[in-house]
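Q: Sequence:
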Amino acid sequence: MNEIKTQFTTREGVYKLLSHSEYSRPNRVPFNSQGSNPVRVSFVNVNDQSGNGDRLCFNVGRELYFYIYKGVRKAADLSKPIDKRIYKGTQPTCHDFNHLTATAESVSLLVGFSAGQVQLIDPIKKETSKLFNEERLIDKSRVTCVKWVPDCIVTACQEGFICTWARPGKGGLLSSQNQANSPSGTVV
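Residue numbers (UniProt numbering): 1 to 188.
Don't take every hint at face value.
As the list claims (entries may be wrong) - Distance ranges between label pairs, derived from CB positions: (1) Thr128 / Lys74: 27 to 33 Å; (2) Val72 / Arg167: 29 to 35 Å; (3) Asp77 / Ile4: 37 to 43 Å; (4) Glu127 / Asn45: 19 to 25 Å; (5) Asp77 / Glu127: 22 to 28 Å; (6) Glu3 / Val39: 33 to 39 Å; (7) Lys80 / Thr103: 41 to 47 Å; (8) Thr164 / Thr90: 20 to 26 Å; (9) Glu159 / Ile4: 49 to 55 Å; (10) Thr101 / Leu18: 36 to 42 Å; (11) Val14 / Val41: 25 to 31 Å; (12) Ser50 / Ser141: 38 to 44 Å.
Unchecked claim - Derived lysine to any residue pairs resembling SDA-like cross-links, with alpha carbons at most 20 Å apart: (13) Lys88 / Ser19; (14) Lys126 / Lys74; (15) Lys125 / Ile68; (16) Lys126 / Ile82; (17) Lys126 / Pro81; (18) Lys147 / Lys70; (19) Lys88 / Lys140; (20) Lys80 / Gly53; (21) Lys84 / Glu127; (22) Lys140 / Ser114; (23) Lys126 / Ile162; (24) Lys125 / Asp48; (25) Lys70 / His99; (26) Lys140 / Arg62; (27) Lys147 / Ile162; (28) Lys74 / Asn47; (29) Lys80 / Tyr69; (30) Lys80 / Ser42; (31) Lys5 / Ser19; (32) Lys84 / Gly53; (33) Lys130 / Leu100; (34) Lys125 / Asp83.
Calculated directly from the structure, the hints in this document are not laboratory data. In this text, a Cβ means the ideal position worked out from N, Cα and C, and glycines have one as well.
Work out the full structure, taking the sequences as your base and the hints as a guide.
A: Written out as structure tokens, the structure is:
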């Protein structure tokens, strides 16, 4: 009879004991929000002196969060992000860190969006460096993947376009190809 209840119902509603990670998640966004973009998670290690060099980035709806990651055994304090961005007209769909240039003072993060743009940001310095496909002239469909490769950036969109962009500061679009309309066997 001396058991501790983890859930009970009253006329006002249902009360439930929540874990720390569920209770402190940003804005308490529902886990099963239908029709929204899936949540994506990206990790990077910045090799800082404190031993907490791991960082993580994730998106929920129109919001993008950047946190110190302390591992699976220690819950991150989700009420204190290093950087949080809320986008008005478009939603983040994918992201990728530049692992080769990441430091404790600066990290480059590519973010793909639902309207076809790709943004380069630094969540530590809280700066926006570059916006690719800003006018949406190359493709207007959702960006499904962004990747850093040596000396360039590769992006893929829902309609089949794969674009190769020059490293920021070295120029713009290097090449683009619509994989949906190309003959089979074509290699980019």
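Q: All hints are to be evaluated individually against the structure, with a verdict given for each.
A: Status of the hints after comparison with the structure:
1. Checking the proposed 27 to 33 Å range against Thr128 and Lys74 shows it holds: the Cβ atoms sit about 31 Å from each other.
2. Checking the proposed 29 to 35 Å range against Val72 and Arg167 shows it holds: the Cβ atoms sit about 34 Å from each other.
3. At about 25 Å, the CB distance of Asp77 to Ile4 disagrees with the hint of 37 to 43 Å.
4. A C-beta distance of roughly 21 Å is found between Glu127 and Asn45, which places it inside the suggested range of 19 to 25 Å.
5. Taken as a hint, the range 22 to 28 Å holds for the pair Asp77 and Glu127, whose Cβ atoms sit roughly 24 Å apart.
6. At about 35 Å, the CB distance of Glu3 to Val39 agrees with the hint of 33 to 39 Å.
7. With their beta carbons about 21 Å apart, Lys80 and Thr103 fall outside the hinted range of 41 to 47 Å.
8. Taking the beta carbon of each, Thr164 and Thr90 are about 22 Å apart, inside 20 to 26 Å as hinted.
9. In this structure, Glu159 and Ile4 meet the distance hint of 49 to 55 Å, their C-beta atoms being roughly 54 Å apart.
10. The hinted window of 36 to 42 Å between Thr101 and Leu18 holds, with their beta carbons roughly 38 Å apart.
11. For Val14 and Val41, the hinted distance range of 25 to 31 Å is satisfied, since their beta carbons lie about 29 Å from each other.
12. Roughly 42 Å separates the CB atoms of Ser50 and Ser141, a value that falls within the hinted 38 to 44 Å.
13. Using a Cα cut-off of 20 Å, the hinted pair Lys88 and Ser19 is violated, with the two alpha carbons roughly 31 Å apart.
14. The hinted pair formed by Lys126 and Lys74 fails the criterion: a straight-line CA distance of about 26 Å is larger than 20 Å.
15. Taken as a hint, the Lys125 and Ile68 pair is honoured in the structure, with Cα atoms around 14 Å apart against an allowance of 20 Å.
16. Simply put, Lys126 and Ile82 have alpha-carbon atoms about 9 Å apart, close enough for the 20 Å limit, and the pair holds.
17. The hinted pair formed by Lys126 and Pro81 meets the criterion: a straight-line CA distance of about 12 Å does not exceed 20 Å.
18. Using a Cα cut-off of 20 Å, the hinted pair Lys147 and Lys70 is violated, with the two alpha carbons roughly 25 Å apart.
19. Distance restraint check for Lys88 and Lys140: the Cα-Cα separation of roughly 17 Å lies within the 20 Å cut-off, and the hinted pair is therefore satisfied.
20. The hinted pair formed by Lys80 and Gly53 meets the criterion: a straight-line CA distance of about 16 Å does not exceed 20 Å.
21. Annotation: proposed proximity of Lys84 to Glu127 holds, straight-line Cα distance about 12 Å (limit 20 Å).
22. Straight-line distance between C-alpha atoms of Lys140 and Ser114 comes to about 8 Å, which keeps the hinted pair within the 20 Å bound.
23. Annotation: proposed proximity of Lys126 to Ile162 is violated, straight-line Cα distance about 28 Å (limit 20 Å).
24. Distance check on the hinted pair: Lys125 and Asp48 sit about 15 Å apart at the alpha-carbon level, within 20 Å; holds.
25. A threshold of 20 Å between alpha carbons decides the hint, and for Lys70 with His99 the separation of about 18 Å falls inside it, so the pair holds.
26. For the suggested pair Lys140 and Arg62, the alpha carbons sit about 18 Å apart, so the restraint of at most 20 Å is met.
27. At most 20 Å may separate the alpha-carbon atoms for a hinted pair to count; Lys147 and Ile162 meet this at roughly 11 Å.
28. At most 20 Å may separate the alpha-carbon atoms for a hinted pair to count; Lys74 and Asn47 meet this at roughly 19 Å.
29. In summary, the hint linking Lys80 to Tyr69 is supported, as the alpha carbons are separated by about 12 Å, within the 20 Å threshold.
30. Restraint check: the Cα-Cα separation between Lys80 and Ser42 comes to about 18 Å, which is no more than 20 Å; the hinted pair holds.
31. The straight-line distance between the Cα atoms of Lys5 and Ser19 is roughly 14 Å, inside the 20 Å bound, and the hint therefore holds.
32. A C-alpha spacing of about 19 Å is found between Lys84 and Gly53, which places the hinted pair at or below 20 Å, so the restraint holds.
33. A distance of roughly 18 Å separates the Cα atoms of Lys130 and Leu100; the hinted pair therefore holds under the 20 Å criterion.
34. About 9 Å separates the Cα atoms of Lys125 and Asp83, which keeps this hinted pair within 20 Å; it holds.
In summary, the numbered hints that this structure violates are 3, 7, 13, 14, 18, 23.
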